[in-house]
Amino acid sequence: MGTALAGQKLQFRSSVPCRCTRARTVFTRAELTLKPLPYSEDALEPHISRDTLNVHWGKHHRTYVTNLNNQIKDKPMANKTLNELIVEAWNSGSPTPEFNNAGQVFNHDFYWESMCPNGGGEPTGELKAAIERDFGSFDEFKTQFKAAGATQFGSGWAWLVAEGGKLKVTKTPNAENPLTNPAQTPLLTMDVWEHAYYLDVQNRRPDYISTFVDKLINWDKVAERFAEAK
Amino acid sequence: MAFTLPPLPYDYTTLEPHIDARTMEIHHTKHHQTYVTNLNAAISKFPELNGLGLVGLNKAAGTEKIPKDIATAIRNHGGGHYNHSLFWKVMTGPTDSNGPSADLKAAIDSAFGSFEAFKEKFNAAATTRFGSGWAWLVVQEDGKLAVTSTANQDNPLQMAIVDTPGIPILGLDVWEHAYYLKYQASRPGYISAWWNVAPKREATDPVVT
Numbered sequence: 001m002g003t004a005l006a007g008q009k010l011q012f013r014s015s016v017p018c019r020c021t022r023a024r025t026v027f028t029r030a031e032l033t034l035k036p037l038p039y040s041e042d043a044l045e046p047h048i049s050r051d052t053l054n055v056h057w058g059k060h061h062r063t064y065v066t067n068l069n070n071q072i073k074d075k076p077m078a079n080k081t082l083n084e085l086i087v088e089a090w091n092s093g094s095p096t097p098e099f100n101n102a103g104q105v106f107n108h109d110f111y112w113e114s115m116c117p118n119g120g121g122e123p124t125g126e127l128k129a130a131i132e133r134d135f136g137s138f139d140e141f142k143t144q145f146k147a148a149g150a151t152q153f154g155s156g157w158a159w160l161v162a163e164g165g166k167l168k169v170t171k172t173p174n175a176e177n178p179l180t181n182p183a184q185t186p187l188l189t190m191d192v193w194e195h196a197y198y199l200d201v202q203n204r205r206p207d208y209i210s211t212f213v214d215k216l217i218n219w220d221k222v223a224e225r226f227a228e229a230k
Numbered sequence: 001m002a003f004t005l006p007p008l009p010y011d012y013t014t015l016e017p018h019i020d021a022r023t024m025e026i027h028h029t030k031h032h033q034t035y036v037t038n039l040n041a042a043i044s045k046f047p048e049l050n051g052l053g054l055v056g057l058n059k060a061a062g063t064e065k066i067p068k069d070i071a072t073a074i075r076n077h078g079g080g081h082y083n084h085s086l087f088w089k090v091m092t093g094p095t096d097s098n099g100p101s102a103d104l105k106a107a108i109d110s111a112f113g114s115f116e117a118f119k120e121k122f123n124a125a126a127t128t129r130f131g132s133g134w135a136w137l138v139v140q141e142d143g144k145l146a147v148t149s150t151a152n153q154d155n156p157l158q159m160a161i162v163d164t165p166g167i168p169i170l171g172l173d174v175w176e177h178a179y180y181l182k183y184q185a186s187r188p189g190y191i192s193a194w195w196n197v198a199p200k201r202e203a204t205d206p207v208v209t
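Keeping their order, the protein sequence lines are chains C and S. Heads up: the first sequence runs through residues 1 to 230, numbered per the numbering used here. Heads up: the second sequence runs through residues 1 to 209, numbered per the numbering used here.
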């Protein structure tokens with residue numbers, strides 16, 4: 001369930017000599033760090049500008065990490081993985097204050113890795129077959145995914161998920177994501193908060209969505225997640 | 001009778017440097033226009049609702065008065081049209097005399113202790129509204145002033161939907177489209193600057209009396 005995100009564990013061990021002759025293992029809480037972008041800030045030009053990645057990753061994403069660290073400092077939550085934290089903070093639909101920050105840290109990690117330079121095009125192999133099986137055609141997947149992004153009113157995300165062995169498109173508001181649904185595994189996400197596209201295309205969210213689908217999706221990464229989910 | 005996009009009471013450049021001209025133009029001609037267009041499309045299916053007017057539609061949002069088929073559209077686009085119409089009216093150029101009317105100031109002092117204390121609460125509501133939404137100063141049913149915020153294009157007139165209903169006196173748009181071109185991630189910078197162009201004294205007079 002869920003996807004393994006390396007580097008997001010919130011604790012590490014260190015050996016500390018004490019007055020006894022034996023060394024003791026001590027759990028020391030570490031902080032979450034902002035994962036580097038998988039590419040340089042200008043790597044997605046001309047589709048997403050360097051300025052956008054600079055602010056989106058360097059300010060928005062970084063702030064979610066900082067704020068989450070401040071919230072969980074010295075609390076039991078700091079001992080959890082990010083994914084565990086999200087489920088706990090979701091609190092069965094009455095989210096605690098940590099949820100928004102935790103969800104957004106995950107969502108942005110997942111989003112950067114859902115894109116790559118020279119992305120887009122079409123999936124291949126088993127993933128392509130599964131998309132055709134569950135949507136009827138790749139075109140129909142694109143239509144549904146674009147519609148999800150376009151109709152998420154306000155801030156949010158569009159997703160491709162695996163659920164019960166089938167692929168489907170979903171959308172979530174604000175910081176929400178499929179991790180809080182035990183039946184779903186996220187495979188692909190697209191940020192439709194206005195900060196994701198406003199410097200580049202302003203109000204024209206549909207243009208950003210088309211560019212994302214046609215030019216940016218990292219289908220290799222989606223295929224990797226799909227293989228892990230099965 | 002269709003709703004129409006109201007003209008701004010000033011030029012796109014008037015609120016510079018606090019709100020940039022490009023934002024004003026896109027915000028008015030694209031975002032607000034889209035709410036008007038979509039509202040009209042929803043109403044066209046049920047022309048009898050025209051009699052409610054924009055305030056009436058918002059008050060009816062989330063109730064059985066609005067057909068299920070257009071419930072979301074009325075909430076989102078009826079909300080968006082009302083909210084932006086109010087937003088343009090409460091702002092004015094920075095060199096014009098700004099600040100609340102004497103009556104409003106007295107009511108604020110009474111409700112919050114001071115104008116500064118009210119501003120702090122209002123700014124906090126605007127800063128902490130997660131995602132898209134609005135911060136509001138409202139007059140509640142019992143005549144008391146309150147600060148609140150709403151998500152997306154919800155507004156305090158939508159009494160069946162929001163937790164602090166009331167008549168809005170001031171509204172501040174904190175959707176990213178309201179500030180991103182100039183302020184990017186700095187919503188607090190935008191909120192702070194907004195007080196240079198709001199509130200417009202005349203806009204607040206009728207509501208307090």
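Since the hints were made in silico from the structure, they are not lab data. Ideal Cβ placement from N, Cα and C applies to all residues, glycine included. Accuracy of the hints is not assured; some may be wrong.
Beta-carbon label-pair distances, calculated as ranges [unchecked claim]: (1) Lys75(C) x Pro188(S): 25 to 33 Å; (2) Asp142(S) x Ala43(C): 55 to 63 Å; (3) Lys75(C) x Glu48(S): 52 to 60 Å; (4) Pro9(S) x Pro117(C): 19 to 27 Å; (5) Ser192(S) x Thr66(C): 55 to 63 Å; (6) Asp139(C) x Thr29(S): 47 to 55 Å; (7) Asp142(S) x Lys75(C): 54 to 62 Å; (8) Asp142(S) x Pro206(C): 43 to 51 Å; (9) Ala160(S) x Asp42(C): 26 to 34 Å; (10) Thr63(C) x Asp109(S): 28 to 36 Å; (11) Gly125(C) x Ile167(S): 53 to 61 Å; (12) Ser192(S) x Gly93(C): 48 to 56 Å.
Okay, the hints, checked on the actual structure:
The hinted window of 25 to 33 Å between Lys75(C) and Pro188(S) holds, with their beta carbons roughly 26 Å apart. Our hint of 55 to 63 Å for Asp142(S) and Ala43(C) holds, since their Cβ atoms are close to 57 Å apart. The hint said 52 to 60 Å for the Cβ distance between Lys75(C) and Glu48(S), and at roughly 55 Å that hint holds. Separated by about 46 Å at the C-beta atoms, Pro9(S) and Pro117(C) break the suggested range of 19 to 27 Å.
Taking the beta carbon of each, Ser192(S) and Thr66(C) are about 21 Å apart, not inside 55 to 63 Å as hinted. Taking 47 to 55 Å as the suggested C-beta distance range, the pair Asp139(C) and Thr29(S) does not conform, at roughly 33 Å. Take Asp142(S) and Lys75(C): their Cβ atoms lie about 40 Å apart, and the range 54 to 62 Å is violated. A hinted range of 43 to 51 Å for the beta carbons of Asp142(S) and Pro206(C) is consistent with their spacing of about 45 Å.
With their beta carbons about 48 Å apart, Ala160(S) and Asp42(C) fall outside the hinted range of 26 to 34 Å. A beta carbon spacing of about 35 Å between Thr63(C) and Asp109(S) agrees with the range 28 to 36 Å that was offered as a hint. Look at Gly125(C) against Ile167(S): about 60 Å separates their beta carbons, and that is inside 53 to 61 Å. Distance hint check: the CB atoms of Ser192(S) and Gly93(C) are about 35 Å apart, inconsistent with the given range 48 to 56 Å.
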